[in-house]
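Chemist: Take these sequences, add in the hints, and give me the full structure.
Line order of the protein sequences matches chains B and E. Take the first sequence: its position 223, counting from 1, is numbered 223 in the working numbering, and each next residue is one higher. Take the second sequence: its position 122, counting from 1, is numbered 122 in the working numbering, and each next residue is one higher.
The reader is advised that the hints may include incorrect statements.
When chains are identical, the list treats them as one kind, so a pair holds in a single copy or across two.
Okay, derived cross-link-like pairs now, DMTMM-like style, lysine to aspartate or glutamate, Cα gap no bigger than 25 Å in a straight line [said to hold, decoys possible]: (1) Lys210 / Glu403; (2) Lys45 / Glu100; (3) Lys415 / Glu403; (4) Lys415 / Asp61; (5) Lys45 / Glu360; (6) Lys45 / Asp396; (7) Lys32 / Asp102; (8) Lys32 / Asp272; (9) Lys32 / Glu104; (10) Lys32 / Glu309; (11) Lys229 / Glu41; (12) Lys32 / Asp129; (13) Lys415 / Asp202; (14) Lys415 / Asp396; (15) Lys210 / Glu308.
Because the hints were derived from the structure by calculation, they are not lab data. Since we're looking at a predicted model, the values are computed, not measured.
Protein chains: 2
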Amino acid sequence: MLEGRKIEGSGLGGGPRLSGVAGQLPPSPIRKLIPLAEGAERRGKQVIYLNIGQPDIPLPDQILDAFRGRVPSLLAYSHSAGLAGVRQSIARYYRGLGIEVDPESEILITAGASEALWFVLRALLDAGDAVMIPEPLYANYVGIVRMVGGRVVPVPTTIAQNFALPDIEAFLSRWTPEVKAILICNPNNPTGTVYSSEMLADLVAFAREKNLWLVADEVYREFLYGGVKTRSLLTFEGVEDHVVVIDSFSKRMSLCGVRTGLLVTRNRQLYDVLLRMGQARLSPPLLGQYLVQLILEEFSWWIDRVVEEFGRRRQVFLEAVRGLPGVRAPVPQGAFYVFAELPVEDSEVFCRWLLTDFLEVGGVDTTVLLAPGAGFYVSGGRGCDQVRIAFVVGVDRLREALEVLARALELYPHKRESAVS
Amino acid sequence: MLEGRKIEGSGLGGGPRLSGVAGQLPPSPIRKLIPLAEGAERRGKQVIYLNIGQPDIPLPDQILDAFRGRVPSLLAYSHSAGLAGVRQSIARYYRGLGIEVDPESEILITAGASEALWFVLRALLDAGDAVMIPEPLYANYVGIVRMVGGRVVPVPTTIAQNFALPDIEAFLSRWTPEVKAILICNPNNPTGTVYSSEMLADLVAFAREKNLWLVADEVYREFLYGGVKTRSLLTFEGVEDHVVVIDSFSKRMSLCGVRTGLLVTRNRQLYDVLLRMGQARLSPPLLGQYLVQLILEEFSWWIDRVVEEFGRRRQVFLEAVRGLPGVRAPVPQGAFYVFAELPVEDSEVFCRWLLTDFLEVGGVDTTVLLAPGAGFYVSGGRGCDQVRIAFVVGVDRLREALEVLARALELYPHKRESAVS
Numbered sequence: 001m002l003e004g005r006k007i008e009g010s011g012l013g014g015g016p017r018l019s020g021v022a023g024q025l026p027p028s029p030i031r032k033l034i035p036l037a038e039g040a041e042r043r044g045k046q047v048i049y050l051n052i053g054q055p056d057i058p059l060p061d062q063i064l065d066a067f068r069g070r071v072p073s074l075l076a077y078s079h080s081a082g083l084a085g086v087r088q089s090i091a092r093y094y095r096g097l098g099i100e101v102d103p104e105s106e107i108l109i110t111a112g113a114s115e116a117l118w119f120v121l122r123a124l125l126d127a128g129d130a131v132m133i134p135e136p137l138y139a140n141y142v143g144i145v146r147m148v149g150g151r152v153v154p155v156p157t158t159i160a161q162n163f164a165l166p167d168i169e170a171f172l173s174r175w176t177p178e179v180k181a182i183l184i185c186n187p188n189n190p191t192g193t194v195y196s197s198e199m200l201a202d203l204v205a206f207a208r209e210k211n212l213w214l215v216a217d218e219v220y221r222e223f224l225y226g227g228v229k230t231r232s233l234l235t236f237e238g239v240e241d242h243v244v245v246i247d248s249f250s251k252r253m254s255l256c257g258v259r260t261g262l263l264v265t266r267n268r269q270l271y272d273v274l275l276r277m278g279q280a281r282l283s284p285p286l287l288g289q290y291l292v293q294l295i296l297e298e299f300s301w302w303i304d305r306v307v308e309e310f311g312r313r314r315q316v317f318l319e320a321v322r323g324l325p326g327v328r329a330p331v332p333q334g335a336f337y338v339f340a341e342l343p344v345e346d347s348e349v350f351c352r353w354l355l356t357d358f359l360e361v362g363g364v365d366t367t368v369l370l371a372p373g374a375g376f377y378v379s380g381g382r383g384c385d386q387v388r389i390a391f392v393v394g395v396d397r398l399r400e401a402l403e404v405l406a407r408a409l410e411l412y413p414h415k416r417e418s419a420v421s
Numbered sequence: 001m002l003e004g005r006k007i008e009g010s011g012l013g014g015g016p017r018l019s020g021v022a023g024q025l026p027p028s029p030i031r032k033l034i035p036l037a038e039g040a041e042r043r044g045k046q047v048i049y050l051n052i053g054q055p056d057i058p059l060p061d062q063i064l065d066a067f068r069g070r071v072p073s074l075l076a077y078s079h080s081a082g083l084a085g086v087r088q089s090i091a092r093y094y095r096g097l098g099i100e101v102d103p104e105s106e107i108l109i110t111a112g113a114s115e116a117l118w119f120v121l122r123a124l125l126d127a128g129d130a131v132m133i134p135e136p137l138y139a140n141y142v143g144i145v146r147m148v149g150g151r152v153v154p155v156p157t158t159i160a161q162n163f164a165l166p167d168i169e170a171f172l173s174r175w176t177p178e179v180k181a182i183l184i185c186n187p188n189n190p191t192g193t194v195y196s197s198e199m200l201a202d203l204v205a206f207a208r209e210k211n212l213w214l215v216a217d218e219v220y221r222e223f224l225y226g227g228v229k230t231r232s233l234l235t236f237e238g239v240e241d242h243v244v245v246i247d248s249f250s251k252r253m254s255l256c257g258v259r260t261g262l263l264v265t266r267n268r269q270l271y272d273v274l275l276r277m278g279q280a281r282l283s284p285p286l287l288g289q290y291l292v293q294l295i296l297e298e299f300s301w302w303i304d305r306v307v308e309e310f311g312r313r314r315q316v317f318l319e320a321v322r323g324l325p326g327v328r329a330p331v332p333q334g335a336f337y338v339f340a341e342l343p344v345e346d347s348e349v350f351c352r353w354l355l356t357d358f359l360e361v362g363g364v365d366t367t368v369l370l371a372p373g374a375g376f377y378v379s380g381g382r383g384c385d386q387v388r389i390a391f392v393v394g395v396d397r398l399r400e401a402l403e404v405l406a407r408a409l410e411l412y413p414h415k416r417e418s419a420v421s
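Modeler: What follows is the structure, given as structure tokens:
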């Protein structure tokens with residue numbers, strides 16, 4: 001569970017008091033097992049990291065060489081909304097998706113999707129306002145909502161229904177006048193679920209009726225498997241003034257480090273406010289903009305290659321999961337995550353065990369780092385037997401990781417009662 | 001004056017309501033004349049841009065070539081505090097300044113100084129809290145303070161005293177229990193003033209007595225002229241738990257676009273909170289970190305070259321200012337700005353005239369873009385006859401700009417009464 005830790009300023013030699021918001025920020029659930037993994041490595045063991053949503057695919061030489069030639073000698077601020085030419089390239093990319101966007105007044109380039117989401121939530125929420133988010137949810141949403149003094153109202157999704165978008169009754173029953181926005185991630189991190197067009201249409205109608213903002217994180221847009229289809233929220237009519245799309249090239253181009261994200265909204269009043277925020281931080285990072293533009297204009301096949309690689313990895317997972325006794329895992333339809341239920345009492349204890357005792361008991365040299373499920377819930381007590389597994393290593397390594405996991409589940413002493421039998 | 005514009009959400013077809021904070025964000029005072037400058041250029045005129053604090057100095061080929069060779073093919077997230085090796089290089093740079101900083105627990109790399117300041121203000125202020133800032137002030141401070149729901153309490157400095165740090169009486173008389181922090185910029189943007197060690201010591205004592213946070217923006221640290229000296233707030237004893245330094249390589253390495261800033265604090269509790277904010281946005285931009293490290297480790301002379309060039313420009317200004325009738329301008333001691341009083345009724349009107357009528361009346365092909373002074377004040381009515389001039393073009397171009405300005409002041413029809421005589 002994503003608990004904040006209340007931090008008290010002593011005012012007595014420990015410095016002045018911190019803000020109330022400071023005490024509400026959750027530690028990263030994904031990163032908290034890292035020290036144990038590092039400890040295992042220091043003891044000569046290998047750890048396969050499946051805990052963080054970071055593509056591991058290096059850029060091909062031809063892209064890298066072309067980029068090196070484009071690094072300019074004058075590394076100046078770009079426009080606060082990003083370089084005009086890059087926004088035009090992004091508008092062409094959106095046109096390729098069947099979506100017309102004005103690069104002058106509807107696109108703002110940001111330091112990753114994270115900055116885009118922070119700008120948007122700051123523009124939409126005051127302290128005490130709330131945002132509804134299907135749960136389990138991407139943990140950093142909670143931190144960013146709390147940084148603007150807001151509150152997350154989780155709307156539960158279940159593994160039994162493959163974490164599908166909840167029906168409108170579920171939203172309606174949790175709605176209060178403090179709710180100003182709905183935030184969805186589609187395709188979904190952490191569940192790998194893709195929301196159906198019908199469900200999205202219902203959500204759009206609900207947001208319109210209640211006059212809510214609709215924020216859609218669509219950074220996994222291209223990661224769709226097995227013929228599944230969905231729609232960008234930018235394609236729905238009648239809610240143009242409600243919708244903001246959060247986007248990023250980090251995943252689809254395997255460029256997490258360069259921090260090139262963006263937001264798209266057709267609400268001009270909102271855009272004007274977001275641009276002022278952009279001006280307050282001067283400009284988004286420059287070099288990532290050049291690299292993204294280069295790929296969009298000259299190497300657009302690269303996105304397909306990245307997505308294909310993740311498709312192969314998903315296939316490996318689908319085959320291997322049958323060999324994992326007691327594991328319940330929906331077939332991932334999108335993104336590059338599986339949110340699985342394990343036959344264990346407490347998945348965080350299991351994840352720690354994988355990095356410690358398992359290496360002795362199992363007599364193995366290799367283990368895996370998974371993200372415990374409870375870290376993706378704000379509702380206490382949920383997700384305790386779940387984990388998020390990210391397909392962020394190549395197929396051979398992934399196969400090895402899943403074999404390790406199978407062996408670990410055999411040996412683990414604290415299996416769930418019903419699973420022990 | 002940095003007025004916010006109240007933005008009302010109509011709720012009637014215009015989309016849902018925006019946050020209250022959204023309506024408090026000031027437009028950028030530096031950028032609002034840009035459309036007029038662009039208009040002049042479209043009419044075939046040349047505009048010399050002295051309005052924005054952006055070094056215009058390209059990187060030498062040897063640095064650029066070395067950097068190109070270091071761009072890795074896997075552009076992954078770095079640690080949320082920045083790459084460990086880069087933090088070590090930064091700690092060595094600080095050691096060269098005589099300041100010991102622990103790269104593991106006291107340095108956090110950010111997307112420019114802007115992100116550093118936003119993290120810090122978010123960690124220190126709740127809605128309704130206030131921060132004292134000497135005025136005139138860097139306009140973006142106001143936007144960032146308002147984004148956390150805070151309030152700026154300006155502490156006036158005057159051109160008659162070369163914009164020196166106000167004495168403690170001035171701080172004391174404006175202090176209220178809502179004040180949680182003091183924010184200074186030293187060397188100062190927009191005034192070019194460098195604060196004396198004695199005045200800083202008084203400020204430090206005041207902050208300690210009132211148990212306030214002390215935030216120092218020291219991005220212009222190396223830009224000191226004519227033998228003037230000052231101290232980093234990190235060198236004062238007894239306030240280690242109060243001090244946060246905001247820093248950036250944008251200015252001293254002429255790298256504004258890559259967005260590599262940082263913050264330094266010895267307050268571990270504060271650092272823990274700032275790191276959580278860093279985790280919520282995953283990582284700072286990667287490529288700028290490599291470039292900064294390369295320069296720190298192998299081309300540290302580059303900082304000296306950049307500073308020397310600005311010293312030459314300052315000299316040009318000092319010589320030219322004598323030829324500007326009715327202009328009162330303190331001798332800049334640091335940074336690369338002059339905050340000057342012009343013999344005009346309204347400097348914003350004058351700045352607009354420079355970009356429009358002057359080009360006809362003066363029969364000239366070249367004009368200058370300056371930043372009107374009122375944009376650097378939150379106190380209404382102040383700075384109306386002042387401008388900020390940034391030395392961000394080479395010496396020949398700067399000489400030309402100052403000749404243009406002299407001619408413009410001769411021809412301008414709306415000079416101040418006392419100046420007309």
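Chemist: Please go over all the hints and tell whether each is borne out by the structure.
Modeler: Hints, verified against the model:
no. : hint            : result
1   : Lys210 / Glu403 : neither (49 Å within a copy, 61 Å between copies)
2   : Lys45 / Glu100  : neither (51 Å within a copy, 35 Å between copies)
3   : Lys415 / Glu403 : within (18 Å within a copy, 82 Å between copies)
4   : Lys415 / Asp61  : neither (47 Å within a copy, 61 Å between copies)
5   : Lys45 / Glu360  : within (10 Å within a copy, 76 Å between copies)
6   : Lys45 / Asp396  : within (18 Å within a copy, 62 Å between copies)
7   : Lys32 / Asp102  : between (41 Å within a copy, 21 Å between copies)
8   : Lys32 / Asp272  : between (38 Å within a copy, 13 Å between copies)
9   : Lys32 / Glu104  : between (41 Å within a copy, 16 Å between copies)
10  : Lys32 / Glu309  : neither (28 Å within a copy, 47 Å between copies)
11  : Lys229 / Glu41  : neither (41 Å within a copy, 48 Å between copies)
12  : Lys32 / Asp129  : neither (29 Å within a copy, 32 Å between copies)
13  : Lys415 / Asp202 : neither (40 Å within a copy, 63 Å between copies)
14  : Lys415 / Asp396 : neither (28 Å within a copy, 77 Å between copies)
15  : Lys210 / Glu308 : neither (40 Å within a copy, 60 Å between copies)
When each numbered hint is compared with the structure, violations occur for hints 1, 2, 4, 10, 11, 12, 13, 14 and 15.
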